[in-house]
Amino acid sequence: MPADAWSLTFAVGKDSPQGARRDEEASGTQDFPSRGLMAGHSLGRIDDTLLVREAQRGNRAAFEELVRQYDQAVLRLAVHLTGSEHEAQDIYQDAFLKAYKSVGNFRFECSFYTWIYRIVTNLCLDHLRKKQVRKEEAPVATDPDGEAYDVLEQVADGRAEANPERDLMRRELARRISRALEKLTPRERMVFELKHYHGLKLRTVGEVLHTTEETAKNTLFRANQKLRSALADMR
Amino acid sequence: MKCEWVKENVVLYVYNELPDDARYELEQHLARCSDCTAELKTTRKFHAVLSELPVEEPSPNLLAASRMRLGETLENVKPGGFWRRLVFDPGAWLRQVQFAPALAAALVILGFAGGIGTSYKLMSNSGNLESLVPRATPAPTESSITAIRSISQNPGSNTVSIQYDTVSTQQAQGSLNDQRIQQLLLFAARNNYNSGVRMDSVDLLTQQPNADHVREALIYALRYDSNPGVRLKALDGLGPYVKNDSRVRDALLEALMDDSNLGVRAEALRLLGPVRGDSSVRAVLVNLAEHDENAYIKLQARSVLAQLPEFD
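Line order of the protein sequences matches chains A and B.
The opening residue of the first sequence carries number 2 in my numbering; numbering runs sequentially from there.
The opening residue of the second sequence carries number 8 in my numbering; numbering runs sequentially from there.
Pulled out of the complex, with its shape left as it was, chain A reads as follows (with noise of 0.2 Å):
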């Protein structure tokens, strides 16, 4: 796959003088795959704006490379604010088919990397929402910690040592914050997750949300004390 993108973004980039840049651009890509953490988007800013254009032209090659820098992001923050990997490709799958469809009508009026948050964060949002409908007209139906269950599998896979004991712990204390992080409500959740979980910082978190940053940061603070009192005893 990488090799089309390549390929594509160069048959373009001839057509105009500014190729042999492009071209660099694009074989640095492929030289530091590090690229796929949204933390280096403001280097790979003016590849976006190239790979915007061109996807926005009807060049898939091009989305597909948008997409490769940013799903490993989109999909992190998926899968640790549903618990599930299921729902997090999901929510991965429909958060780039609504870019692909609507990459037309992008603006550059904001940094592609915003947008992007954007759609995944409405989606995310939408998920929360439809979550809690069910939790509250089913109290009983589902298992509260079902959810949670497949990534909290994982934490004690990749931290699996010699102690059991310990192990088990920490599988216990995962379980009871994700509950606390449940208990809040998807606006609080999504904040809290943007800042703690994935280190945005509250000014983009406030652009990502349609909001302030004061908005985003008393959001914050009401999250930061409902969980400490949600779990006061772990302190």
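A hint or two may mislead.
Listed below are the simulated DSBU-like cross-link pairs for lysine-lysine, each with C-alpha atoms no more than 35 Å apart in a straight line [unchecked claim]:
1. A:K131 to B:K52
2. A:K102 to A:K131
3. A:K227 to B:K52
It is worth saying that the hints were derived from the structure and are not from the lab.
In this text, all values refer to a predicted model and were calculated from it rather than measured experimentally.
Could you slot chain B onto chain A? The hints should help.
This is chain B only, laid out in the frame that chain A set:
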């Protein structure tokens, strides 16, 4: 106070979201305050606890499966960008930068044409000022009227023409029943500097003194207008209501006792004749019959009193 602020902001400090100056201040405070240092420690510990739910990188398998699924779906979906370009979207056309100079030129030309057209119209009309005066003026507000210039009634109809000043002189025309006309008349009756105009407006208002505010305006004119002619006119308008409206009666009695003009007083006396039986009227009449300076009023008061039945 300081500790409170620190406790509120320690979360932001831990998240590295405090502005540099606030962070410096907070650190300075932490160096001195053991309570706040403990709070920071607790917050940090709590955050460490929360991180026990780690954020794992998605497994390569999951990532590959997701990419594959998406790729398969994209095969069958057309991107928005491609299809959108086939549809004519004027908004998108306007946004195109290359159209900007042409658009700017078009706007400038349009502006010039509009300007020239307007000034041409104004110049061709300058000889005929009247045509610039809008015929259908909007209902004037009292505050915008500076003065009423003239009032005239078209003979044989109840159409009234009123010329009044706002910032510029305007003219309003309409039936007496027109609210706009009434508003102007009421304004003229109270506020105008020209007594002739006041006279005209009071005269016209007497044609329909049924309305409450019209009667009030007439009473006002009778009490406070400096021109005796205007006061007389108001008096005439109020005459028929002396029986039923105590406010009118009081105003007439006041005029009878205190008006500086003999004619007004005599007229008030005449109009009060039909209600001479009223106790307040009688008291005034008795007073006038005995003490009034003017012999005519004295005489008239006496003659009115004489018509009263003895026992009353």
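Quiz item: Would the pair K227 of chain A and K52 of chain B pass a check requiring their Cα atoms to be no farther apart than 35 Å?
Solution: holds, 16 Å
task = Would you mind confirming whether the straight-line C-alpha gap from K102 of chain A to K131 of chain A stays at or under 35 Å?
result = holds, 24 Å
Practice prompt. For the pair we were handed, K131 of chain A and K52 of chain B, check the Cα-Cα distance against 35 Å.
Written response: holds, 33 Å
In terms of the numbered hints stated before, the structure departs from none.
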